[in-house]
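As they're listed, the protein sequences go chains A and B. Counting from 1, one number per residue, gives the positions in the first sequence under the UniProt record's numbering. Counting from 1, one number per residue, gives the positions in the second sequence under the UniProt record's numbering.
It is worth saying that the hints were derived from the structure and are not from the lab. Among the hints, a few may not be true.
What the hints assert, rightly or not - Just the calculated beta-carbon pair ranges, DEER-fashion:
hint	chain 1	residue 1	chain 2	residue 2	range
1	B	E53	A	R320	42 to 48 Å
2	B	G71	A	K193	34 to 40 Å
3	A	V326	B	N96	27 to 33 Å
4	B	S180	A	D344	41 to 47 Å
5	A	D203	B	K84	21 to 27 Å
6	B	K172	A	N151	35 to 41 Å
7	B	S180	A	Q163	31 to 37 Å
8	A	G240	B	N143	52 to 58 Å
9	B	G71	A	R363	40 to 46 Å
10	A	G420	B	K179	46 to 52 Å
Remember, it's a predicted structure, so these values are computed and weren't measured experimentally. The C-beta atom is built at its ideal place from N, Cα and C for all residues, glycine as well.
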Amino acid sequence: MDKNSQLSAKQSMLSLTSPTKLHVIPNENKITKRKGKSTLGNVTNTINRPKLIAKNGIPPLLRRSSSFFREESPVHEPLSGTGYNSIDQETNPDRFIPQVHHSQNTKCIDLEEDPEEIKPPPNASPFKHLSAQTKKMFKQKVANACGLDMNQRILQYMPLPPQPSLDRPIFSIGSRQTYKFDSKTNALAKLRKINTNPERILDAPGFQDDFYLNLLSWSKKNVLAIALDNSIYLWDGESGDVNLLVELKATCTSLTWSDDSCHISIGKNDGNVEIWDAETMTHVRTMRSGLGVRIGSQSWLDTLCVTGSKSGEIQINDVRIKNHVVQTWERHQGEVCGLSFREDGIQLASGANDNTVMIWDTRQNNDPIWTKRNHKAAVKAISWHPEITNLLATGGGSLDKHIHFWNTTTGNRLGTIDTGSQVSSLHWGQSYSKHSGCMDTEIVATGGTPNNCITIYNYETKFKVAEIQQAHDSRIVSSQLSPDGTTIASVGGDENLKFYRVFEERRKRKYLDDRTHRYTDKLDTKSHENDEPQRSPSKGTYIIR
Amino acid sequence: MDLISLKGSTRIVTEFFEYSINSILYQRAVYPAEDFATVKKYDLSLLKTQDTELKQYIREILRQVHRWLLGGKCHQLVLCIVDKDDGETIERWKFNVDSHSNKNDTDDDMNIPLEETQKEIRAVLRQITASVTFLPELKNEGNYTFNVLAYTDSNANVPLEWTDSDSKEIAKGESVQFKSFGTSAYSVGAEVTYKF
C-alpha cells in the first residue's frame with residue numbers, strides 16, 4: 001500500500017506536468033492499453049517492463065513514440081536488458097540509451113562522465129532528451145570515423161604571429177642595451193592643449209594629390225617651397241611674400257632645399273633633377289638620372305643629393321662633378337617615396353612602395369644594413385630624431401597605418417603606434433611637461449581618412465596627447481616642420497596649405513664645450529653650421545664629428 | 001597533490017615553454033636575429049626576443065596554456081613552423097606534458113629537487129639548440145611563420161582566440177626524440193618532426 005501510494009503520487013505529478021505527452025501508440029503491445037489508465041496501471045506496467053525487453057532483445061516502440069521514455073521514469077531498479085545502460089540508469093533515471101549496433105558501450109560511458117556535457121533538465125520534453133542523445137551519438141560516430149579521440153581537442157591559437165622583418169643583416173653587432181635618452185619618464189601622460197585652428201591658411205591651387213610625391217620643403221632660412229603643378233613658389237616665412245621661382249615644362253614630382261638653404265633641387269617627371277639658386281633665381285644645373293621615370297624623393301647631405309626614382313633606384317649625385325652619379329643602389333622593388341639622411345650623414349633611411357624600410361650605411365656600397373619589412377604599405381614618412389642619432393621613426397601608408405621606431409644601430413624595433421590612418425609624414429618635437437619638469441619627446445603624424453587629422457604622440461608612452469581633427473577637408477599629403485620646430489605646414493588634397501602650431505620652441509639644451517669652456521647651443525650651431533667655412537664638404541668630417 | 005608544488009611546477013613548465021619557443025624561433029630564423037638578446041637562464045645563455053609585439057604574442061599563448069596546465073587540461077603543446085606560401089608544416093616541435101596526478105601512482109620519489117629539474121631542462125634546451133645541426137636547412141629564409149597548437153581535454157574552457165584545428169602532422173616526417181625533464185607535478189618530453 002505504501003509503495004503504491006508513493007508511486008502513484010509521483011506518477012500523477014508527472015502526468016500533470018506533461019499530460020499531452022502521452023501519445024497513442026498504435027501497436028499491439030501492452031503499453032497501448034496504458035494510455036487512458038489510472039496510475040495503478042502504470043505500476044503494474046513497470047513490473048512488466050523487464051519481461052518485455054527480454055522478449056524482444058531491444059525495447060519495443062523505440063522509434064514510434066517517445067512518450068515511452070517518459071513513462072519509464074518511475075523505474076528505479078536497474079535494468080539488465082541489453083538496450084539499457086545500468087550506469088546511466090543510476091545517474092539519470094529518466095534517460096534512455098538506445099542500443100547502437102556499431103558503437104561500444106564503453107564509449108558511451110565515457111561520454112556520460114563528461115561533466116561539461118549539457119544535459120537536458122529532467123523535466124524537459126522527451127524530444128529534447130532524444131535529440132540530445134542523438135546529437136551525442138552523432139558526434140561520437142563522426143569522431144570514430146575520423147579516428148579521433150572524443151575526449152581530446154586540438155586547439156590552435158588563431159591570432160597571426162607578428163610579421164618578421166625578413167632579411168638578415170650583413171653584419172651583426174650583437175645585442176646591446178638600448179640607450180635610454182631621458183630617464184625621467186612621464187608616468188602620467190596628460191593631454192596637451194594645442195590650438196586646433198590654423199595660424200594661417202594659404203591657397204595652393206594645382207597641388208598634386210599624390211601620396212608618393214614630396215612637393216613641400218621648408219628651408220632653415222624660413223622659406224617654404226611648394227610645387228603647384230609645373231610651378232615652384234617660394235613663401236617667405238618672415239615677410240609673408242610669395243615669389244614664383246620657375247615654371248617648368250615638365251611636372252614637378254619632388255623638391256628639397258639643400259643644406260645651405262640657398263639651393264633647391266627639383267625632381268621632375270622625366271627623371272631629371274634641376275638645381276636652382278633661390279637667391280638669384282637662376283638655374284644652376286640639370287642632373288640626368290638616365291632612368292626616364294619620375295624622381296619622387298630627395299635628400300641632401302652637403303654637396304650630395306640623393307634621389308629616389310619610381311623604378312626603385314636610389315642614386316647618389318655629387319652636384320659638383322660632371323658625372324654626378326656617384327653610386328646607385330638598386331635594392332628597392334617599388335617607387336622610393338621617402339628618403340632621409342641622418343644628421344651626421346653616416347646613415348640614410350629610405351622607404352618605398354615595396355613596403356620596406358632600408359637603412360643604408362653611406363660608407364658601404366650596395367647593400368643596406370637593415371631591411372625592415374614590418375610595414376604593410378608604402379613607407380613615405382621617415383624621420384630621424386634630431387638629437388638621438390640612431391632613433392628613426394617610419395610610418396606606413398593607408399593599408400598599414402603604423403608608426404615603427406627603430407634603433408638603427410642594432411636593428412631593434414623600439415616601439416609601434418597604431419595611428420588608424422595613413423601616415424604621410426612624421427616630425428619630432430618637444431613640449432614642456434609640468435609633471436616631469438622637462439621636455440617631453442613627441443612626434444607628430446599627419447594622416448588621411450577617416451579624420452584627416454594631425455596627431456601628436458608622446459614617444460615615451462606612445463600615447464596620443466593631442467589631435468587636430470579634420471585639419472584638412474581631404475587627406476594630408478605632405479607636411480613640413482618650421483625651422484624653429486614649432487609650426488607644422490601641411491598641405492592636402494583640398495589644395496590648402498595650413499599652418500598649425502603644434503610644438504613648443506625647442507629648449508636650448510646647454511652643452512659644455514671642453515675646448516672653449518663656454519656654453520654653446522647645439523641647435524644654434526646646427527642652423528649656422530653651413531656658414532662655417534672650415535667644414536669640409538667630404539663625408540669623412542661628419543663621421544668624426 | 002600539494003597545491004604549492006603544483007603551481008610551482010606549472011610555472012617551471014610554462015617558463016620552459018617560453019624559452020624553448022624563443023630558442024626555436026631564433027634557431028630556425030623565423031624572426032631576425034637582431035630581435036633577440038641574450039639572457040642568462042638555467043645557467044645558460046639563451047636568446048629571448050626583444051620585439052614587444054612578439055613577446056606579447058608568446059605571452060598571450062602561454063598565459064592560457066598555464067591556466068590549462070593548472071587545471072590539468074592540457075597535455076601537449078605543439079609549435080609548427082609553417083611555410084607562408086602554401087601553409088605547409090615544415091617542422092613540428094612537440095612537447096608532451098604528463099601530469100603525475102593523473103596517474104594516481106603514489107610514489108614518494110616524485111619530489112624532484114629544483115636543481116635536478118634545472119639540470120634536465122638545461123639538457124633539453126641544449127639539445128634543441130644542437131638540433132640545428134641535423135635539421136634540414138630552411139631554404140626560403142624569412143618565408144616562414146609559426147603556429148601553436150595545444151592538445152586539451154574536451155571539457156577545457158576555450159577562449160575566443162583558440163579554435164579547433166587539425167593536428168598539422170607532417171606526413172612521412174622524420175622524428176627525433178629529445179630528453180625529458182620532470183618536476184614534482186609533471187614530466188615534459190620534447191620531440192621534433194621534420195620534413196625529410
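Checked hints:
no.: 1; hint: B:E53 <-> A:R320: 42 to 48 Å; in the structure: holds, 45 Å
no.: 2; hint: B:G71 <-> A:K193: 34 to 40 Å; in the structure: violated, 50 Å
no.: 3; hint: A:V326 <-> B:N96: 27 to 33 Å; in the structure: violated, 60 Å
no.: 4; hint: B:S180 <-> A:D344: 41 to 47 Å; in the structure: violated, 54 Å
no.: 5; hint: A:D203 <-> B:K84: 21 to 27 Å; in the structure: violated, 48 Å
no.: 6; hint: B:K172 <-> A:N151: 35 to 41 Å; in the structure: violated, 28 Å
no.: 7; hint: B:S180 <-> A:Q163: 31 to 37 Å; in the structure: holds, 34 Å
no.: 8; hint: A:G240 <-> B:N143: 52 to 58 Å; in the structure: holds, 55 Å
no.: 9; hint: B:G71 <-> A:R363: 40 to 46 Å; in the structure: violated, 58 Å
no.: 10; hint: A:G420 <-> B:K179: 46 to 52 Å; in the structure: holds, 48 Å
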